[in-house]
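A.B. asks: Residues per chain, in single letters:
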Amino acid sequence: MAQTIAEKILSKHSGKNLYAGDLCIVPVDGCMATDTTAPLAIKSFKEMGGITVHDKNKFHLIIDHAAPAPNERIANLHNLMREFAAEQDSALYDIGSGICHQVMVDHQKVKPGDIFMGADSHTPTYGALNAFACGVGSTDLAAVMLTGKIWLKVPQSIKVILHGKKLQPGVSAKDLVLEVVKQLTISGATYQSVEYHGEAVAALSLSQRMVLCNMVAEMGAKTGIVSPEGLELPYEFTPTYADADAVYSRVIEIDAAAILPKIAIPNSPDNVHEVRAWVGTKISYAFIGTCTNGRLDDLQAAAAILKGKQIAKGVRMIIAPASKQVLIEGLKDGTIQTLIEAGATIINSGCGPCVGSHEGVPGDGESVISAANRNFKGRMGNPNAKIYLASPATVAISALMGEITEPITQ
Amino acid sequence: MPLAHVYGHNIDTDRIIPGKYTKTLDLTSLAAHVMEDLDPGFHQKFKVGDIIVAGDNFGCGSSREQAPIALKTAGVAVVIAHYFARIFFRNAINIGLPVLEIPNHTIQNGDQLHIDLSNGIVTNITQNISYNATKLPKVMLDIMEEGGLVNYLKKHKDYILA
Ligand code: SF4
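Each protein sequence line maps, in turn, to chains A and B.
Each residue of the first sequence is one higher than the one before, counting from 1 in our numbering.
Each residue of the second sequence is one higher than the one before, counting from 411 in our numbering.
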């Protein structure tokens, strides 16, 4: 019987043909936890009777959510992670390494066809690599650390086809995914896999594919997977394609070539409109970074807009490169210098202000334009601030103008 | 008799426990901030053993296990929703917070409820009706019966499907 990509990857790992709705226990090719989830995972692992992790080469700890530590409580949790990694002789990506998801991809810890479990909700980002990746909580992760396995229900899949070859000027994968979030809503893909297909997708870089999969978390999905057409990687891999007659719970077709720049307005990522409908809304804080849009091409898109110019008076702009590798590349090609000269503040590679732990919490009544993935009330640490989500290009041009602006006048 | 505290759809984990409080192993400290941004009056009206009731997609957003832990340490006996976000649902069962999916419940704020967890039956005393919760896969029931995944794995050392 025909299979979706998720069904194929899970079947391959379990040694029998699986279809949506089946339960399975599968070996996991890699797992990771961050400073938000690892301390609890380590605690649960020990309580389960765990002494050494199942496979230290498949286990990664990343200090990214509040890094460097903003207070002594978090400093102690970081040390707990460092000690555990030393004890296990396993990988620890310390402060400055970058955001967990970017670090896993930069270091090739996840590959096409893999099953990966991350104790972070945006783990489906790796679906850009044609892998099956899910977010789990700390105790589920502890169980992976102990057994090397996870139990899963094989998800139904939603097929999203993005047609069209050329995107409108100023439009990037963020605008496309915001449209998908709008159509599916914040709960529309709950328990399901969002499988991306189509000409517009095949033309995207790995970085842009990561944007599409990153925000399946904002649709409630279990995972997101991009069909491997057009995927270019620096190593050999075996692609997993869906069968032509695979069964989908829903098929969504979007003309990507017609999509205009999008924005999600407070307080939900599915509250999506065209940027042009919100033009003129004053902002005082612009943020580019995160596992959604903190990669080199995102920073370059912002630099192209800001080159030789100054951000508006009364606006502060914070940029957190998604990883050390991104930061180094951005330094080499001058992107970082352009951004600093335009008035941006570069902060440590990590989650930064995304989750409101430190490094740029907005004040009461402020409006923030952000390249992140969530704008829930209180997300950036202050429930009295408003968060608008958009592409790096929209964020950059809005910082320049001091108000929400469409990024087509480059 | 436990009372129902009813909230709406899509209650995200940032509203159950803001991210800024999650980085701790002092898990009892989470209880003080539970539902803080959603319902500042929560602690005045909530009594240990009461029940949280919601609509669609409760617990959407982050993977933070601190969300169900905060509810559990605050003394929430069970959470009932039309359906849950998947990571929250797994996390709740893994840490031993009972969760029941009841797609058609009509529970109103302040209703008195009687919960039969092992049979998944909720009786609404105030409205004099009862509801059946969606059946869980066996592996989840087993984990719930052991009081969570830590105890389950302590006992079985591995997952058992069947
Ligand atoms: S950048 Fe934001 S969304 Fe991404 S992992 Fe960090 S906190 Fe989560």
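Hint data in this document are derived by calculation from the structure and do not stem from the laboratory.
What you are looking at is a predicted structure, and each value in this text was computed from that prediction instead of being measured.
All residues carry an ideal CB built from backbone N, CA and C; glycine is no exception.
Hints may contain errors.
[What the hints assert, rightly or not] For lysine to any residue, the following SDA-like pairs were computed, each having C-alpha atoms within a straight-line distance of at most 20 Å:
1) B:K564 x A:H54
2) A:K111 x A:S205
3) B:K548 x A:S205
4) A:K386 x A:I252
5) B:K430 x A:E72
6) A:K377 x B:G451
7) A:K111 x A:S14
8) A:K377 x B:F452
9) A:K377 x A:N267
10) B:K567 x A:K12
11) A:K12 x A:V247
12) A:K313 x A:G280
13) A:K149 x B:V549
14) A:K153 x A:T52
15) A:K46 x B:K545
16) A:K43 x B:N561
17) B:K545 x B:K567
18) B:K567 x A:G280
[What the hints assert, rightly or not] For each label pair, taking beta carbons as the anchor points, the in silico distance ranges come out as:
19) B:G557 x A:N71: 28 to 36 Å
20) B:S528 x A:T345: 52 to 60 Å
21) A:K309 x B:S439: 26 to 34 Å
22) B:K565 x A:T52: 17 to 25 Å
23) A:G365 x B:S439: 57 to 65 Å
24) B:P513 x A:P234: 18 to 26 Å
25) B:K545 x A:I25: 46 to 54 Å
A.B. asks: A separate judgement is required for each hint: does it hold in the structure or not?
C.D. replies: Evaluation of the provided hints:
no.: 1; hint: B:K564 x A:H54; in the structure: holds (15 Å)
no.: 2; hint: A:K111 x A:S205; in the structure: holds (16 Å)
no.: 3; hint: B:K548 x A:S205; in the structure: violated (42 Å)
no.: 4; hint: A:K386 x A:I252; in the structure: violated (30 Å)
no.: 5; hint: B:K430 x A:E72; in the structure: holds (14 Å)
no.: 6; hint: A:K377 x B:G451; in the structure: holds (17 Å)
no.: 7; hint: A:K111 x A:S14; in the structure: holds (18 Å)
no.: 8; hint: A:K377 x B:F452; in the structure: holds (17 Å)
no.: 9; hint: A:K377 x A:N267; in the structure: holds (6 Å)
no.: 10; hint: B:K567 x A:K12; in the structure: violated (24 Å)
no.: 11; hint: A:K12 x A:V247; in the structure: holds (18 Å)
no.: 12; hint: A:K313 x A:G280; in the structure: holds (15 Å)
no.: 13; hint: A:K149 x B:V549; in the structure: holds (14 Å)
no.: 14; hint: A:K153 x A:T52; in the structure: violated (27 Å)
no.: 15; hint: A:K46 x B:K545; in the structure: violated (31 Å)
no.: 16; hint: A:K43 x B:N561; in the structure: holds (13 Å)
no.: 17; hint: B:K545 x B:K567; in the structure: violated (25 Å)
no.: 18; hint: B:K567 x A:G280; in the structure: violated (59 Å)
no.: 19; hint: B:G557 x A:N71: 28 to 36 Å; in the structure: holds (33 Å)
no.: 20; hint: B:S528 x A:T345: 52 to 60 Å; in the structure: holds (56 Å)
no.: 21; hint: A:K309 x B:S439: 26 to 34 Å; in the structure: violated (46 Å)
no.: 22; hint: B:K565 x A:T52: 17 to 25 Å; in the structure: holds (20 Å)
no.: 23; hint: A:G365 x B:S439: 57 to 65 Å; in the structure: violated (29 Å)
no.: 24; hint: B:P513 x A:P234: 18 to 26 Å; in the structure: violated (47 Å)
no.: 25; hint: B:K545 x A:I25: 46 to 54 Å; in the structure: violated (20 Å)
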